[in-house]
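Construct the entire structure; sequences and hints are all you get.
So the chains spell out like this:
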Amino acid sequence: MTQTPFLELALPQPVADVIVLVLVLLGAILCLSAAVGLLHFRDVPGRLHAATKPQVLGVVLICLAIAVSQRTIGGMLMGLLIVIPVILLQFATAPLSAHMVGRQAYRNGTINQRALVADEYAESKQTPPAAG
Amino acid sequence: MNFLVMAIMAVFGVAALLCVIRIIRGPSILDRTVASDVLLTEVMCVLGADMALNGHMRNVPVMLIIAAVAVFGSIAVARYVARRDNPTP
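Those protein sequences? They're chains V and H, same order as listed. So the mapping is simple: the working numbering equals the position in the first sequence, first residue as 1, plus 2. So the mapping is simple: the working numbering equals the position in the second sequence, first residue as 1, plus 1.
Check the hints yourself; a few may be wrong.
Using C-beta positions, here's what the derived DEER-type ranges look like [said to hold, decoys possible]: (1) V:Gly48 / H:Gly56: 35 to 41 Å; (2) V:Thr4 / H:Phe73: 51 to 57 Å; (3) H:Phe73 / V:Leu41: 24 to 30 Å; (4) H:Ala77 / V:Gly111: 38 to 44 Å; (5) H:Gly14 / V:His51: 23 to 29 Å; (6) H:Leu65 / V:Pro7: 44 to 50 Å; (7) V:Ala117 / H:Ala11: 31 to 37 Å; (8) H:Arg26 / V:Pro97: 40 to 46 Å; (9) V:Val119 / H:Ala11: 35 to 41 Å; (10) H:Ile22 / V:Leu83: 50 to 56 Å; (11) V:Leu90 / H:Phe4: 33 to 39 Å.
No lab work stands behind these hints, which were simulated from the structure alone. Keep in mind that this is a model prediction, so the values were computed, not measured. For each residue, glycine too, the CB sits at the ideal point set by N, CA and C.
Written out as structure tokens, the structure reads:
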């Protein structure tokens with residue numbers, strides 16, 4: 003009996019299928035929770051809070067599912083190498099857009115002022131001239 | 002197995018529908034921006050789910066470009082939306 007090379011070791015087909023389906027289903031449920039949060043909360047920072055975090059986790063889970071669906075260990079490593087830029091870009095850009103939208107919501111007056119516990123922007127009500 | 006695929010499709014569909022409802026009803030333009038951002042990320046998730054379930058890698062460039070470019074939409078809207086700097090109470 004010859005030993006198969008390490009990179010050629012493969013998950014059995016049904017096991018890989020079940021893992022992929024469960025990961026994709028978890029990612030889909032996280033997307034659904036973000037959408038439910040969009041409908042549930044009342045002002046822009048609340049919706050932002052519900053929208054940005056579960057989405058990124060859902061993308062990570064689905065990217066893991068893409069890697070697992072290759073079945074062999076070499077294929078999984080290759081798949082991880084391919085999907086890691088997507089995850090990194092998502093991690094880099096989601097806080098950026100959330101920060102811009104949240105600050106603009108504060109300046110626009112579309113947030114519920116009475117729900118704030120601490121208001122650290124209050125002293126700098128005047129927008130600095132070069133601020134975005 | 003088939004039941005799980007149907008459940009995944011139903012969950013994605015319901016999530017997209019809720020996002021569209023928020024885009025239609027959103028009281029301010031920032032609500033619509035946040036909802037459309039969520040919808041765009043969900044399109045990314047659907048492309049990835051298609052790749053994972055059918056076992057191919059053809060959608061990776063589309064996912065990469067959406068992940069890189071999606072941020073500019075919200076930043077542009079947040080930058081140029083009309084601001085009321087000193088609201089007189």
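Taking the hints in turn, this is what the structure says about them:
Distance hint check for Gly48 (chain V) and Gly56 (chain H): the Cβ-Cβ separation is about 39 Å, which falls inside the suggested range of 35 to 41 Å. Evaluation of the 51 to 57 Å hint for Thr4 (chain V) and Phe73 (chain H) yields a pass: the beta carbon distance comes to about 54 Å. Distance hint for Phe73 (chain H) and Leu41 (chain V): a CB-CB separation of about 26 Å, consistent with the stated range 24 to 30 Å. Between Ala77 (chain H) and Gly111 (chain V) the C-beta distance comes to about 21 Å, which lies outside the given range of 38 to 44 Å.
A hinted range of 23 to 29 Å for the beta carbons of Gly14 (chain H) and His51 (chain V) is consistent with their spacing of about 24 Å. A beta carbon spacing of about 30 Å between Leu65 (chain H) and Pro7 (chain V) contradicts the range 44 to 50 Å that was offered as a hint. For Ala117 (chain V) paired with Ala11 (chain H), a C-beta distance near 34 Å keeps the hint of 31 to 37 Å intact. Take Arg26 (chain H) and Pro97 (chain V): their Cβ atoms lie about 26 Å apart, and the range 40 to 46 Å is violated.
One distance hint, 35 to 41 Å for the beta-carbon pair Val119 (chain V) and Ala11 (chain H), holds here, with the actual separation near 39 Å. Taking 50 to 56 Å as the suggested C-beta distance range, the pair Ile22 (chain H) and Leu83 (chain V) does not conform, at roughly 38 Å. In this structure the hint that Leu90 (chain V) and Phe4 (chain H) lie 33 to 39 Å apart at CB holds, the actual value being about 34 Å.
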